[in-house]
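Take a look at the letters that make up each chain.
There are 4 protein chains.
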Amino acid sequence: MEQNAESLDKLRVPELDEILGKKFPVLDDGFIRVIDYMGSDESIVQAARVSYGKGTKKVTEDRGLIRYLMRHHHTTPFEMCEIKLHVRVPMDTWRQWIRHRTANVNEYSTRYSIAIDATQKTKLGEWRLQAKDNKQGSEGYFPEEVGTKLTERESELQDFAREIYQERLMLGVAREQARKDLPLSTYTEAYWKIDLQNLLHFLALRMESHAQFEIRSYANIIGNEIVSRWCPIAWESFRDYRMNSLSFSVQEIEVLKKLYSGKKDEAVKLADSFGWLKIIDKRFAKNIERMEFEEKLEILGIDKPWE
Amino acid sequence: MEQNAESLDKLRVPELDEILGKKFPVLDDGFIRVIDYMGSDESIVQAARVSYGKGTKKVTEDRGLIRYLMRHHHTTPFEMCEIKLHVRVPMDTWRQWIRHRTANVNEYSTRYSIAIDATQKTKLGEWRLQAKDNKQGSEGYFPEEVGTKLTERESELQDFAREIYQERLMLGVAREQARKDLPLSTYTEAYWKIDLQNLLHFLALRMESHAQFEIRSYANIIGNEIVSRWCPIAWESFRDYRMNSLSFSVQEIEVLKKLYSGKKDEAVKLADSFGWLKIIDKRFAKNIERMEFEEKLEILGIDKPWE
Amino acid sequence: MEQNAESLDKLRVPELDEILGKKFPVLDDGFIRVIDYMGSDESIVQAARVSYGKGTKKVTEDRGLIRYLMRHHHTTPFEMCEIKLHVRVPMDTWRQWIRHRTANVNEYSTRYSIAIDATQKTKLGEWRLQAKDNKQGSEGYFPEEVGTKLTERESELQDFAREIYQERLMLGVAREQARKDLPLSTYTEAYWKIDLQNLLHFLALRMESHAQFEIRSYANIIGNEIVSRWCPIAWESFRDYRMNSLSFSVQEIEVLKKLYSGKKDEAVKLADSFGWLKIIDKRFAKNIERMEFEEKLEILGIDKPWE
Amino acid sequence: MEQNAESLDKLRVPELDEILGKKFPVLDDGFIRVIDYMGSDESIVQAARVSYGKGTKKVTEDRGLIRYLMRHHHTTPFEMCEIKLHVRVPMDTWRQWIRHRTANVNEYSTRYSIAIDATQKTKLGEWRLQAKDNKQGSEGYFPEEVGTKLTERESELQDFAREIYQERLMLGVAREQARKDLPLSTYTEAYWKIDLQNLLHFLALRMESHAQFEIRSYANIIGNEIVSRWCPIAWESFRDYRMNSLSFSVQEIEVLKKLYSGKKDEAVKLADSFGWLKIIDKRFAKNIERMEFEEKLEILGIDKPWE
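Read top to bottom, the protein sequences are chains D, G, L and H.
Per my numbering, the first sequence runs over residues 1 to 307.
Per my numbering, the second sequence runs over residues 1 to 307.
Per my numbering, the third sequence runs over residues 1 to 307.
Per my numbering, the fourth sequence runs over residues 1 to 307.
Chain D on its own, in the form it takes in the complex (with noise of 0.2 Å):
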């Protein structure tokens, strides 16, 4: 349990040290910065062998160890890393993020002080269509003559929300009453400080194909560009063993089981029996664990043993 930390400099990672304070641009108009930092790949170990005693040191080396924790979710170690973000972002946005519910937060009072003055604007462009399989998601963009329309209606509608605003302000309207029609694009500002298990797991959320368009692109730039610097072996094995990782159910362990024997016909079987193969006026039914399972086989190489 020998520890040399005295040395300040093993404290930083040159690599993060370069960026700190630098804004990644999100968006039409916001940002994320690092402030400060705490511990490294490094620290993940010290933490672990903590816990393990002396003897692991020639065992294992570092990066196995910590290919290790992430793989058997000890997740501890990894908690021992601690970041403080500055960032920019859509109240829209900040909704979302704020969910988060395992971080540090201070955010701009539009109580105390007056709102910042800008709102996110879309791009004509930028206009996305509502999925239609997905009641949550969207797919694909309008064409530019319908996009270019949204997006003035859109600027006279901030426009005429910040005339009320500063009208309010004017009359002396108090800032925590004039701010209540403020619309939800406007941009706020945080500190917001997280420690790297808890980040990963934002991340996991909010990188994923699914997350909006928005707070992914956030996530993008605080994973790609920040933790990737930060913790390079962490960031390698959580995109190893969560991110890019397939998991199966029982069922689906059970049909692939099938399918890897070469027993085609015992595996339709098998999903007939989880109810995956309802057919509806000669087609399959809507069946989302059937589906998803389908994309997983895609992955695999495998061709569905149905149709």
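Rather than coming from a laboratory, the hints here were simulated on the basis of the structure.
Treat the hints with care, as some may be off.
For chains that are exact copies, the list does not tell them apart, and a pair is met inside one copy or across any two.
No more than 25 Å apart at the CA atoms, straight line, and that leaves these computed lysine to any residue pairs for SDA-like [what the hints assert, rightly or not]:
#1 Lys-269 to Tyr-68
#2 Lys-132 to Arg-71
#3 Lys-257 to Leu-246
#4 Lys-304 to Tyr-260
#5 Lys-132 to Gln-96
#6 Lys-263 to Asp-303
#7 Lys-278 to Tyr-68
#8 Lys-263 to Ser-138
Small disclaimer: the values here were computed from a predicted structure and weren't measured.
Mind docking chains G, L and H on chain D? Use the hints.
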């Protein structure tokens, strides 16, 4: 450590069961209602007695024990009570509410569903003036003629915002994007579940006179209508020892000692040594520590020794 | 968002009410019993539908919805269920248990009261051998003749420890100090309250085959006897998607793809490029990533392509 | 919201860097040392100013702002500071310590490694008598002749416990089981990481005079040696407004008012109406609320009006 909770009746609080599901209206279109709960004053006592063993039973009565726990910040027995509320709140208020991280939350999703078609509207007599002393407060109301104008303009904005939202939905814009300019006054709904200890902390901050009127209105209902019925003894002790208590700093105690022994001059000297009595333009400079102490002196019926 | 929870009956789960207060014995002198609870499978659905709005009701049935939530890690609806247990546990096991930080706890105080006069005793057939492969595990049991000796010596120590404790109390040593040398096998009791989501996380870690026998014994009771009665659909989906699921890393997916398409050689090459197949003394060197993958292959009924 | 943290120097606190890694001894064989930290008094101010916007800068100085935040329980800026300690603590003390749930922890594993071969030993002059008034406290020390005996017996027990532990390990008993009868006085080690806000809460409870001597010894080092160097202004305001402050209940305020206006008789009447002055056998019955108030009166230099 015997317990006879087997009887289901003992798990219920009839006074709270009576209002289960009942909507308490808040603001123009909000509400709070109790969905479910676990525990009671008796559960607090029961949990405390697990800690203290058998001996306590006779010595201290329930009320005395609960008051003791509250006075000495023995918070864990209060965590043994849990309540689940269904609330309808303007998003602006919800932004403050959600900052309390210790609750469980399921909020209405405007990503998945069409936003609730209701915004908080301000009546003509309800427009508040910015406080002069307190940057984040309000004081007094606008005269009705100004209020009339403000309310009209509010309507125009809210109507326009809804028009744009509908326009986007009609065109097929994804709900997750269409909502981006909704006003903060838009109502949202949520299930909010929290233990009594954390609920009391929420109430201490949000029933306080400096809390914003809107969230205070919700907190008052929760405290006065719900907690008071649910755990009346805990509620009484909370008001006696937390809500309505007075706390004095080291410096204030020193001054109080001088005042009780009639040494006004020394009290003034002390205050001066703390930097409370700086004079600018022949008047005391604004000093928040002094001003807050003066308020406490007034509550104690003591004349301030300076001036 | 209609709800008719007004009817108290709908808040109860008869299958769980039946065992309320009943002690499930664990180890030689421990137990678990349910003191109270809030919620049910139905509350999970109810909370999810607050998020999703009215539309869902017809489309998805309850079971399908709960399975969907579990599969996609939509954890907040599971937090709407809460349970309070009374447990009696050896302090050594409690040391592991208490590491789960998301619960509310009131533990028997040996500072205030005299320590419970019971220690966990090991029967002669229950002494476990140190595992060879796994530094933190055990495998197999000692023969009875060794066990007899070990159990005798255990008794001597536990008796002596209690003798010293009594001696101190008789002399008037403060309880908070007299307890300092009690053995970790001493039983403690606690009220432990937790929401279903965090309870399932606890069970995922503590019902797992590598968890220590003692805490696993408690976890098994909680899972198989309590949660299974309380929220049977959530319980089933937890076992299908979490407890008994299999997860594959990016590297494992690559190898699996080769295996399905019959390209054994390429699978071996890939594995080698991952460093899984290093050879020492003409045998594969110990490589945990490879060994864990081999276990998964076995579950899928696939022969490993190397050797 | 300008920030120039780019300069790495500004992120360090030289007074704390000086003692980084240094072991502060506690008890007979324990220690505390700082492994790493993030933030400073300046970060508290910086975070508060994100909330308050630009305006504040000139108006309030740093010290005034930190004191204001502490006085008004604006806790989030204090959460922006984080510290990581390496501690060595008897398991009995650790059992109390770990009840603070808001920290990140990696503890030495006696499941994986052989238990630390050190137990907390009590010197002959350190044996404490059970307090008469306070069931969970101690007062005064045993004379040395009794202490000598107690210390001898302690040694016998600790030696025997270690002998049994070694015996088990020699025979090949699994470490996870061999440890089951270790005495609570066995030392453990941990990395413990926590934010300043939660650390201050820990210190408020554990530096308090009623906290057990052992954990108080650790808390005193953390407060007086570490936090005092790390965030001296926050530390001062914590002592002024929290540690050494006095809080008065609604009832106490009423009595104080009478006392400050010289109406002793009415003060007594009020106290009697609160049930504080019941007489048994011609003496005041034990009443904790009254007794605690009397202690506060003494601090204020006020004679109690009864008796």
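Checked hints:
| no. | hint | verdict |
| --- | --- | --- |
| 1 | Lys-269 to Tyr-68 | between (38 Å within a copy, 22 Å between copies) |
| 2 | Lys-132 to Arg-71 | between (36 Å within a copy, 21 Å between copies) |
| 3 | Lys-257 to Leu-246 | both (16 Å within a copy, 12 Å between copies) |
| 4 | Lys-304 to Tyr-260 | both (12 Å within a copy, 12 Å between copies) |
| 5 | Lys-132 to Gln-96 | within (23 Å within a copy, 34 Å between copies) |
| 6 | Lys-263 to Asp-303 | both (13 Å within a copy, 16 Å between copies) |
| 7 | Lys-278 to Tyr-68 | between (42 Å within a copy, 18 Å between copies) |
| 8 | Lys-263 to Ser-138 | neither (38 Å within a copy, 39 Å between copies) |
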